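> Dock chain to chain to rebuild the complex, using the hints, since each chain is given by itself in its own frame.
For reference, the chains in residue letters:
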Amino acid sequence: MEYYVYHDFMMHTKSITYILMGLFVVGFWGIWAFMTSRDEEIHKFPEHDKE
Amino acid sequence: MSSENKSLMTPANIITGIILAIGVVIAVLRFTKGLGAITNLDQNNPWGIWIGFDLLCGVALAAGGYTTSSACYIFGLKKYHSAVRPAILTAFLGYALVVFALHFDVGRPYRLVYPVFLQPGTTSLLYEVGLCVFLYVTVLAVEFSPAMFEWLGMKTVRNKIHKLTLALTVFGVVLSTLHQSSLGALYIAVPSKVHPLWYSPYLAVLFFVSSIPAGLSMVIFEGMLAHKPWHHMMDKTHLDEHDGVILGFARGASISLAAYFCVKLVAMAYDNNWAYLATGWGAWWLVEVLGFIALPSLMYAMGSREKNIKLIKWAAVLTVFGIILNRFNVSIVAFNWQLPAGERYFPSIMEIMFSIFVVTVGVTVYRFIVSRMPIFFEHPDYKDAH
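Same order as they appear, the protein sequences are chains W and U.
The first sequence: position 41 = 41 (my numbering), numbered continuously.
For any residue, its number in my numbering is found by taking its place in the second sequence, counting from 1, and adding 51.
For the record, the hints were derived by calculation from the structure and aren't laboratory data.
Computed from a predicted structure; not experimentally measured.
We treat Cβ as the ideally placed atom computed from N, Cα and C, and that holds for glycine.
One or more of the hints may lead you astray.
Taking lysine to aspartate or glutamate pairs in the EDC-like style, the calculated list, with each CA pair at most 20 angstroms apart, reads [stated by the list, open to error]:
hint, chain 1, residue 1, chain 2, residue 2
1, U, K130, U, D322
2, U, K130, W, E40
3, U, K211, U, E394
4, U, K211, U, E201
5, U, K358, W, D39
6, U, K130, W, D39
7, U, K244, U, E292
8, U, K358, U, D294
9, U, K206, U, E394
10, W, K14, U, E429
11, U, K361, U, E273
12, U, K358, W, E40
13, U, K358, U, D291
14, U, K361, W, D39
15, U, K129, U, D322
16, U, K129, U, E292
17, U, K214, U, E201
18, U, K279, U, D291
Short derived list, chain U residues pointing at chain W, Cβ under 7 angstroms [stated by the list, open to error]:
hint, residue
19, C313
20, L316
21, A320
22, Y321
23, N323
24, A352
25, R356
Extracted from the complex, chain U is given alone in its bound form (with noise of 0.2 angstroms):
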């Protein structure tokens, strides 16, 4: 065995290659025998974790690439130049990662361009996601591409598509605004399954509200777990912008789940759902708001007032699984709580183990793009021209 073949067999590869393995296996049964025989998805519960995790929580993680790349472009915040890359690759892989479990979700997946291109229904908020989503991840390649041309040595088109940075970051931010609030939007048509304290009128606004310091706190997150293994890759501009890049991100971050904690309220007022606090679901609804919202946005305000960087570290964990568990409540544990325990959703192992395979698949792809294309360092020959 070769010393090159040797090095690859680590026991983090080992594992990948597990779960690798283990999602070919179940996405071949999903094809040949069916949803039925995979999921634990019936008549009631028609939306299960594929799409409260897969589809849910990658889209609102990966608002980091519209919120970065706006701060840039559009508000002329150059300090965060160094983490535009890394939130648009992290944006591009989630939303692709987000078509490609949605062609595993739907029964029919060969109609997924039906919407778009035969029958546009546009009456109907499911036909503004799947535009959307469809433009946005475009949109995201294009951005993205960049950084391979560059790797690749194509001078020509890489400063061609340079040149429609702005035009691009304009389109991402009005396309995620558009279909961020539109998942939450999708909720709205259901009122009597989806519990009072996590239903109302505004999902929309909650859902693109709460898109924003998650991805803010995306950033932090990935920059955080991306930082030790890739430390050699970065440059000395990504290194010295790091912290800075945290402070100003965490300001955004409090800034706007304060408000996120606002509207949760607005919208809690408004439907005078106050008596439901007294409640297990009021609990529930509790630690989320106060555990995974305002306790989140005062740590980022303590870590950014005393410059405490591991603060601000923590409170970006907190919010990112503060995020999870939001799109899990509304999708999945407050969605049909009227039913009796027998007939509420839970998922299968297939469905878990394949939601594990699709993050498992955006590791492995982030991997092997971070370890060779310039996305922690500026590459020689285009330095300084941004």
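This is chain W alone, in the form it adopts within the complex (with noise of 0.2 angstroms):
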């Protein structure tokens, strides 16, 4: 990719930053869910699960 003038190089790298982002966000999110999935499940309140 050619790049004319400083500002081409920036949007051209900041939105792939941008994308990755997002990318990471919803991999955080899967990396803690499946870490976490087999915790026990913690009851805060207990009277109301009686119930």
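Here's what the structure looks like:
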């Protein structure tokens, strides 16, 4: 890809960075969900569960 | 020969003695003949493995001190309390050895005090690193001292210092944040020397972020090494909390390694260095990033999910080696990458032996301390005094 002015370069690299950031957010959610999927459920309101 | 003398003549002690003797000889040579006589350093490569390994790796792997103490005292995760003293000890020894090794690496070691007391170069990153390391070694010495005072039976001093714990922890986190990142920032000054795949304006962020999994992994790794030989020194609380510490730290290490991976990719995207991935350097970069960052992150996540301690320990080993590899890549392997092979730096045998000597000094002092002081157990006079 050719860059005629610095703005072109910044536009290109920033765009890719923003796309990556979106993927990272999803990835972090995924890794956290995977890691905690077998944790025992925390019952914050046990009296509410009984009802 | 008495039985006490006999017990000292173990293979490990003999090897330690030989290494220490060689180290002393190298130290004498360094101060009598100069750096040129025993190192392969030159004008192109003024910083060798004494900086790349002893300093950069030493500081990164000593990050367990601030990560563990902040988890326990700032975030209130008291279930990790039994890991704090071993982590503080490792950090203290790590930083003390960094300063020790630095005395051999700088041309005029008696001038190490200049930047702090005589000529503060407030615009220099090295000044910031020097000041932070000087202050943090002091903080770690004070943080470690209650164990020593408990051992010596000096209750009053111990209790007074113990009251400073939270303030020292906060100070330690601030100082660590500053100098862990500044060590990376040092290399921002040489964009034409570090290979683009390792050079980034984000080097400071990369060094700081990577120090977190390095510290957490080092605590797991050190616990793994210490568990067998000092099992008899560990009290019930330490042994009971051991698995919980590993599982909790594995989660922290997995997430922080994932964050490190993301920052690595962002740094790559920001400089548009994707084309370099198709070269030999790119293959080496991928080995580091996929094999020593992404893989241990997944191993930690899987180990934490399955409660698989063995997998977590392997992940810790990979992470520790990954951090060492990264610091070597930035400071040595990818440094001056454009020079012809004949002008590239490779450490001399004496430089390597001296680094082994420094690590051996650390292990020897560590063995001396944990065999005597309350590191893996709570002193009976101070049970539940935390």
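> What hints, given by number in increasing order, does this structure fail?
1, 3, 7, 9, 10, 15
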